[in-house]
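Note that the protein sequences, when read in sequence, are chains A and B. Everything in the first sequence is counted per the numbering used here, starting at 836 for the first residue and increasing by one. Everything in the second sequence is counted per the numbering used here, starting at 15 for the first residue and increasing by one.
Just to be clear, a hint being listed does not mean it is correct.
[What the hints assert, rightly or not] Which chain A residues face chain B? A few, computed with CB under 7 angstroms, are given here:
no.: 1; residue: Ile845
no.: 2; residue: Ala847
no.: 3; residue: Leu859
no.: 4; residue: Phe860
no.: 5; residue: Ser862
[Claimed, not checked] Chain B stretches covered by chain A per the calculated footprint, using a threshold of three residues with CB under 8 angstroms from any CB of chain A:
no.: 6; stretch: 98 to 107
no.: 7; stretch: 149 to 158
Keep in mind that the hints were calculated from the coordinates and are not lab data. Backbone N, C-alpha and C define an ideal beta-carbon position, used for all residues, glycine too.
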Amino acid sequence: MKRYLPFITIAAVLLLAILSGTLLFRSSQRPATQQIPTTLTATAPGPPGAQPPHIKGVQNAPVVLEEFGDFQCPPCAALHPELKKIEAAYGAKVSVVFRHFPLTKLHKNALAAARASEAAGRQSRFWEMHNELYVNQAKWSDAADMRPIFIGYARTLGLDVERFTRDMNDNETVARILADLRRGEALGVTGTPTLFLNNRELPYDTLKSEATLRAAIDAALNGKTQ
Amino acid sequence: MSVRKSEVTMANDVGAAGRGRATWRYTLAAVLSLIGLADAIYLTVEHLTGRGVRCTVVAGCSEVLSSPYATPGGVPLAAIGAAAYFSAFSCATLAAFGYRRAQTLLAVIVVPMFIVTLGLLFIQTFVLRAFCDYCLLSAAVTLCLTVIIATRLMQRH
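Throw the hints in and build the complete structure from the sequences for me.
Below you can see the structure in the form of structure tokens.
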């Protein structure tokens, strides 16, 4: 029996590895619909952030999703299409607020990207630039000089490029980003993306799929109608 | 006659003690390989499900795991790591049970793992300038395995 023991051990570990990998894979894909409403973290209102904020959707929607994002953060770019699906599916029931939270220690071009989005916002094209930056994140993240790339996006969006370039360096642009950062810090944001649903922080696991996000929004909407 | 007998007994005792230490070493190597295997399986599943790791100021997992170095030739590095750790575990288990060829094979597996680990640490430090906790755990496991194998080899020669 002892002769076979090492082979039995190896076979058992192989089986266990396959089984645990499969279970982990399945649990990662299953939406955690039941737990979401009870695991929301309450937060204080905090400083207001940049005013007026960038809002997509109606002002008094029953559900307000406030995202603290960094344009150079890969998980933020992964969340971007999920949020777009949510906006399309819920229409006037959900509005999305974007707050800047550039992690400048990690992402060398994050602040410049935030400036570019704000400069586009001055010409009423914030969300269009927001989309360009997330969709093309891989193209500018490691660029030594990202300015010509951002100017290219501005040109694609039909912006006044000269004004865009000027606004990128304007103090008011930086002030808006700093105001959002201060709000995030006051609310205890330490990483991106962080989402608040009606002023309550959503657990990070909720942001990993459209299904879990939908469950959290549905729970909030049902709570309002009851 | 009695002197020769006691010499043989002493030699047997020394041999048994050496084998005991070797068994202990390979058992430890097997346990360490299991830790590395669990870590690599977790990272492989995270990669396959496309779940990101949040960007935070204190850790750069998302930067490391989403970089092109994490998928050389389109293959997730974590999956290669899982295969390597499983091979190391198998060899260490067989070596602990006295299979001498497995001892040699374990060294053959651990040496390239150590070289790749050094390369990945270099990339995290100087290229990406970001560190991933799970990658650092894997590096620590490989370094420990290398030390165990190196001390055993030095003992044998």
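Hints, verified against the model:
1. For A/Ile845, the suggested interface contact is upheld, since its CB lies about 5 angstroms from the closest CB of chain B, less than 7 angstroms.
2. For A/Ala847, the suggested interface contact is broken, since its CB lies about 10 angstroms from the closest CB of chain B, more than 7 angstroms.
3. With a least beta-carbon distance of about 5 angstroms to chain B, the hint placing A/Leu859 at the interface is held under the 7 angstroms criterion.
4. Below 7 angstroms, beta-carbon pairs count as interface contacts, and A/Phe860 has one with chain B at about 5 angstroms; its hint therefore holds.
5. Taken as an interface hint, A/Ser862 does not check out: its beta carbon lies about 9 angstroms from the nearest beta carbon of chain B, beyond 7 angstroms.
6. With 4 residues having a Cβ less than 8 angstroms from any Cβ of chain A, the stretch 98 to 107 of chain B passes the three-residue criterion, so the hint holds.
7. Counting residues of the stretch 149 to 158 of chain B whose beta carbon lies closer than 8 angstroms to any beta carbon of chain A gives 0, which falls below the threshold of three, so the coverage claim is violated.
Violated hints, in rising order: 2, 5 and 7; the structure is consistent with all others.
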